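Student: Listed below, chain by chain, are the residues.
4 protein chains.
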Amino acid sequence: MRVGFIGLGNMGEPMARNLIRAGHRLTIYNRTRQRAEALGSEGARVADTPADAAADAEVLVTMLSDDRAVRSVLLGGQPEGTSAIDALAPEAVHMSASTIGIECSKELEREHRVRCQGYVAAPVIGRAEAARDKALWVIAGGTQENIERCRPLMEAIGRGITIAGEEPWMANLTKIAVNFMLATVLESFGEVYAMLEKSGMDLHSFLDVVNNGAFRSPVYANYGGMIADRKYEPAGFSLKLGLKDTELALEAGEAVQAPLPFASVLRDHYLQALAHGHGELDWSALAEVARHNAGVGRTQKAGG
Amino acid sequence: MRVGFIGLGNMGEPMARNLIRAGHRLTIYNRTRQRAEALGSEGARVADTPADAAADAEVLVTMLSDDRAVRSVLLGGQPEGTSAIDALAPEAVHMSASTIGIECSKELEREHRVRCQGYVAAPVIGRAEAARDKALWVIAGGTQENIERCRPLMEAIGRGITIAGEEPWMANLTKIAVNFMLATVLESFGEVYAMLEKSGMDLHSFLDVVNNGAFRSPVYANYGGMIADRKYEPAGFSLKLGLKDTELALEAGEAVQAPLPFASVLRDHYLQALAHGHGELDWSALAEVARHNAGVGRTQKAGG
Amino acid sequence: MRVGFIGLGNMGEPMARNLIRAGHRLTIYNRTRQRAEALGSEGARVADTPADAAADAEVLVTMLSDDRAVRSVLLGGQPEGTSAIDALAPEAVHMSASTIGIECSKELEREHRVRCQGYVAAPVIGRAEAARDKALWVIAGGTQENIERCRPLMEAIGRGITIAGEEPWMANLTKIAVNFMLATVLESFGEVYAMLEKSGMDLHSFLDVVNNGAFRSPVYANYGGMIADRKYEPAGFSLKLGLKDTELALEAGEAVQAPLPFASVLRDHYLQALAHGHGELDWSALAEVARHNAGVGRTQKAGG
Amino acid sequence: MRVGFIGLGNMGEPMARNLIRAGHRLTIYNRTRQRAEALGSEGARVADTPADAAADAEVLVTMLSDDRAVRSVLLGGQPEGTSAIDALAPEAVHMSASTIGIECSKELEREHRVRCQGYVAAPVIGRAEAARDKALWVIAGGTQENIERCRPLMEAIGRGITIAGEEPWMANLTKIAVNFMLATVLESFGEVYAMLEKSGMDLHSFLDVVNNGAFRSPVYANYGGMIADRKYEPAGFSLKLGLKDTELALEAGEAVQAPLPFASVLRDHYLQALAHGHGELDWSALAEVARHNAGVGRTQKAGG
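Protein chains in written order, with the working numbering: chain A, 1 to 304; chain B, 1 to 304; chain C, 1 to 304; chain D, 1 to 304.
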C-alpha cells in the first residue's frame, strides 16, 4: 500500500519502520527532518511538507503529540489549499493514531467527510518498546469499510485490534479512558510506596505480592518496578503529555457531566510535578508527588 | 499437624477444608456453630469455645473479619484465663490470616511473646473461589522459624508465599496496601464506566482493550466484568469490610504521616455507599457511587 | 456621561438603573429586547444592536454571562465592521463588569489597544439585591487614567472600589479568586450541615454560633440561612454559572501550574448537581450534593 | 463560686484569670506547675493534683488539649479512687471547655451521671487574644439546670453564649463543625494565594476585596493577614492540634455515614505539613502546603 506517515517521535518511528518491513511504500514527514532521514535509509521516501506526505497516499497515518499538532499539520497549511488534508486524495483514508480529544476527532471526521475522504481513529496502547516489537494494541473507530482498508497497517504495527465503534471518536474516548486508568496506577503506587517506605518496608517484596499474588499484570510489573527504582529517564512518555491526557479525560467527563474525582487528584499532582520542574521526566514520575508530600527521604522528627 | 481453626466465614471455611484435605487434624470453632458442623462431617472436631479450639493445637489459625473480632476471640475470655490465647500452649504458633491493622498486629505480637508463643501474620490475597481452589497467595510476616512451622499449612491453602519481613505487622501492612490498590481499581472502573456510559459507549469493547491490550490482569478482568454487569450479590467481600480496609490504610498512613489522597476519595465514596444502604453488597459496588453521582441511568436534560 | 450599556440580566438591570438615576444618559441593549424596554420607560434609549449601543458612548459598560457572550457581543458582528467594538469611538472606554477569564480579558485588552480605545475590567462583588441597593464592590483593573474616567460610573453602582492593578486581567483574576472562595463556603456548609442533620442537630443554633461567635460575615449569614432553609429559587446566580467560575479558577491555576484541590472538589460536585438536573437553581444548591451523598433525608439502616 | 480549674495552656490561663477577676475563688492545676504559680500570685490556690483541684469545687472547669488528656486527667487516677472525677462532689458540675470528640463527651456524660454529678460541655470559639479580652463565644450543651449553674462562669470568660442542645455532645459537635469550617478558610487562602502569587499579583489588594467587598469577617481579616505575611509563630493554636480537630470531624462524619471531602483534603494537607516538620507552627500554616505544592518561590521554568 502507498502510505503517508507523519510524526516520527518515540512511537511513530518504530511504527513506521514496521510498516516498511511489512512491505508498504512509505512517504514520511517529520518536523525535525533528521529523524525522517534515518528511516529514509531503510526505504522510505522523505517528504518536505505534510502535504507532500499526504499527496499520493492511499492511507495517511499520523502519530502526533496532541490536538494542536494534529490540527496544525492536517488542517494548517498556509497559503490556503496547501494543508495535508487538502493534499490527500478523495477516497484516501486518514488513519489517526494520535491520542487526541473527542472534539478534535469529531472535527477531523467532519473535515474528511466534506472532502469525501475516509477517517479512522486508531490510537494505540503500548510504549516505545511495544511499538518496536510490533506489540501495540490498536483501538479502531470508524466505518467497517474504512477500518478494513486500514487493517493491514494495523496488523503490521500491533498484536491485536479492538473495534470501539462506528464513530471514530469512540476509539479516542476508549484510549483516553485507558490512559486515565493507567495514570491511576501510577498514583496508587506513589501513595502506597510512600506509606511503605516511611514504615521501613522493602518495596520489592511488596512488588512480589503485586506481581504474583494480586494483579499479575505487565502494567503493574513495569510501572511498579520503574517507580520502585525511580527510573524516570529517558522518558517513554513525558509527564507533560500525561497531564494533557488527564485533561482530555476531564473534558470528556465534563461534556457528559460525569465527575471524575480520581482524575482531579491526578491533575493536581501533575500540576505540582510541573511546578517543581519535572515535566520532561517519564509520566510515571507522577508517583514522586505522593512520596514528596509524605516527606519520604526527609529525616523524621517525632510528632512532626 | 494438630491445627486449631477459628473463623469459618466465606474465606475461612474453604481454607479449613483444604487443611483437612491435606491431612491435618483440625479442631474448628465458629461463632455460628452451624457453619462449623458442616465441616465436622468432613473430619474436623467442632469446638465449643475459641479456647477449646486453641487448647491442643500446634498451630492456631484465625480468619476473622476485623481487629475487634480478633481481639475479642483471642484476648477476650471471661472469666480471666479462658481466652483462646491463654488456652494456647507455650511453643504453639498463632497464624493469623485475618486482615487487621498494624497496631492490633503489634499488640498480638506482644501478647504472644510474653506467653512464649509464636506469632505469624499470614493474610491472604484472593476471594472465596481462590480459597476453594487452593489458589490464595499468602503474605507471611514473622521469624523465619515460626514461618517455617506454618509453611505446610500455607502450602495447603495457597499457590504461593511472599515473606514480607521478620516483623509480623509487615505482612499486615502489605495486605492493607494491596487491598488499597485493589479498591482504587474499583473506583477507576466506576469513574470510567460512568463517562463511557453517558457517552453512549459499549463497556464490553472497552473491557476487551483493558483485558487484552492494556492490563492483562485477572483482577481487572474479574472486577471489570462484575462492575459492567452490576453483579454485586452474593457479596464475596462486603462493601462494609472494604471501608474497614481503607480505614486501615488511612491509619497506617497517618501513623507515618503519609497522606493518601486516593484513599480519602475511596473513604468518602464508601461512606456514601453505606449511607445509601449498600453496605452488604460486594465491595465492587463501590463503583456504583461514581455512576450514581454522574447520573448514569437518569434521563439527561440539555445543560443540566 | 453618555453611556452604552449591554446586558440587562439579574445584575445588569439594577446597575443600569442606578446609572440612570445618577444622571447619566444611557443607551441600552439586551438580547431579549423586552428587558430593555422596561428601562426605556425610565429614560434610557433602547438600542437595536450592540453596535448601536456602543456607537455614541463615552463609556461602554458590559455585563454579560461569560467569555463566549462577551466575545460574541463585542467582537462578533456580521458583516465585518458591525461589531460593538468597531462601533465604539477611539478614545472611548470599555468598562467590562462581566466575570470572564484571564485569556479573554487579555484578548479584549489587545483588541481595544489596536483601536486606540480604553479598556477597564471592573467585575463586581454582590448579588442582585446589592446591585439594586448600590451596594456592589467594584474591582477595577486598568491604567489609572482609564479607571478615573470610569470612576463616576463605579461610584454610581457600588459602595466601594479596590484597584487590583494596572493590568485589566488582574481585576478578573481577583474576582475569580473571590468567587472560588465563596463557592468553598457553599461546599463547607453542605458538608457540615449533612453531618449535623444526620446527627439530629438543629441547624439554626449552629448558625447562631457561625454568625455571632465565629465568622460574623454577611456572606455566611446569607448563604448559611439559604442553605439551611433550602431556598434555591429564584436563582440569584445559577449553579451552571457557578461551575463556569470554578472552571475559570482551575484554568487560571493551570496557567501558572498551581493545583487547587478544593476547586477540584467543587468542580466534581457542580458536575454532579448538573447531572441531576439542578443547573438552574441558585449556586448555593451546590450544598445539596454533600447532603445527598450523605443520604440526608433517607431512612437510616443500621450499619448501612 | 468555688471553682476548680484544670489546664492552663494558651487558652486556659487567660480564661482562669478572667474567672478570678470576676470574683470567683479558684483552685487551679496544671501539669507544668510553673504556669499555675503565675496565677497563684493573682489569688488562685495552686493544687498538687487534678483530684485536689476538683475536691472542693462547685464547678470544675477543664481546658485540655484532647480526648486523651481529658480522659487521663478526669478518669485517670492511680490508685483507684484518686482521679479528679472521684474527688468531685456529687451535685458539683463539670464544665468541660476542651475541644473533644463526640464519643469522649458521651463517655464523660455517663461517668458523671453515675456519680450524680452534673456535666456541661462548653467549648469556646476564639483564640488566645479573645480569651484574654473576655471575648470568647461559648457553646453550651447540657441540661438547662446545669447550664444555668455554669452561666456566671461563661459570662465571665465570654461575650456570648449559644445553647447547642440538651445533650452535652451537641456542643462538642458544634465546635468540631466550626473548627472544620475555619480550617477550610485556611486551605482556601492557601490555594488562592498560590494562584495569585504565581500570577504576579499583590495579596494585599486582594485582601482589601475580601475584607471590605466580600466576606467582611474578622476571621478572614485575621487569617488572611497572617497567611499573607507568613506569621506562623508563636502558634496561637498549633497545626498538630488542627489535625486532631479535622480527625474529630471525620470521625463524627463517619459515625453518621456523612462523607466530608473537604475534610479529607484538609487531613491530607495537615499530614503533609507534619511530614515536613511544621507541626508546631500555627495551624494557619496549613496554607503553606498549597503554596509549596504550587512551587511558590521556586524559579519558574517554561513548561515545567
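Please note that a few of the clues may not be correct.
[As the list claims (entries may be wrong)] Sample of chain A residues at the chain D side, in silico, Cβ under 8 Å:
1) Q272
2) A275
3) H276
4) N293
5) A294
6) G295
7) R298
[Stated by the list, open to error] Not close to chain A: a few residues of chain C, all C-beta gaps over 10 Å, as computed:
8) D67
9) R110
10) E254
11) A258
12) S264
13) R267
14) R298
Source of the hints: derived by calculation from the structure; they are not laboratory data.
Every value quoted in this text rests on a predicted model; they were computed, and no experiment measured them.
In this text, a Cβ means the ideal position worked out from N, Cα and C, and glycines have one as well.
Student: Each hint needs a verdict: does it hold in this structure or not?
Tutor: Now for the hints, and whether the structure bears them out:
1. A least Cβ separation of about 5 Å between A:Q272 and chain D falls short of the 8 Å threshold, and the interface hint therefore holds.
2. Hint on A:A275 holds. Least Cβ distance to chain D is approximately 3 Å, under the 8 Å limit.
3. With a cut of 8 Å, the hint placing A:H276 at the interface with chain D holds, because the nearest CB-to-CB distance is about 5 Å.
4. Annotation: interface hint on A:N293 holds; nearest CB of chain D at approximately 5 Å, less than 8 Å.
5. Given the 8 Å rule on beta carbons, the hint for A:A294 holds: about 5 Å separates it from the nearest Cβ of chain D.
6. For the restraint placing A:G295 at the interface with chain D, the shortest Cβ-Cβ distance is roughly 3 Å, inside the 8 Å limit, so the hint holds.
7. Because the beta carbon of A:R298 sits about 7 Å from the nearest beta carbon in chain D, less than 8 Å, this interface hint is met.
8. Annotated as non-interface, C:D67 keeps its C-beta farther than 10 Å from every C-beta of chain A; the closest such distance is 16 Å.
9. Even its closest Cβ contact with chain A, about 21 Å, leaves C:R110 beyond 10 Å, as expected for a residue assigned away from the interface.
10. Its beta-carbon lying about 6 Å from the closest one in chain A, C:E254 breaks the requirement of being farther than 10 Å from that chain.
11. Not every CB of chain A lies more than 10 Å from the CB of C:A258, the least distance being 7 Å, so the non-interface label is violated.
12. Separation of C:S264 from chain A is inadequate, the least Cβ-Cβ distance of about 4 Å not exceeding the 10 Å criterion.
13. In this structure C:R267 is not separated from chain A by more than 10 Å, as the shortest Cβ-Cβ distance comes to only about 7 Å.
14. No beta-carbon of chain A comes within 10 Å of the beta-carbon of C:R298; the shortest separation is about 21 Å.
Hint compliance for this structure: hints 10, 11, 12 and 13 are not met, and every other hint is.
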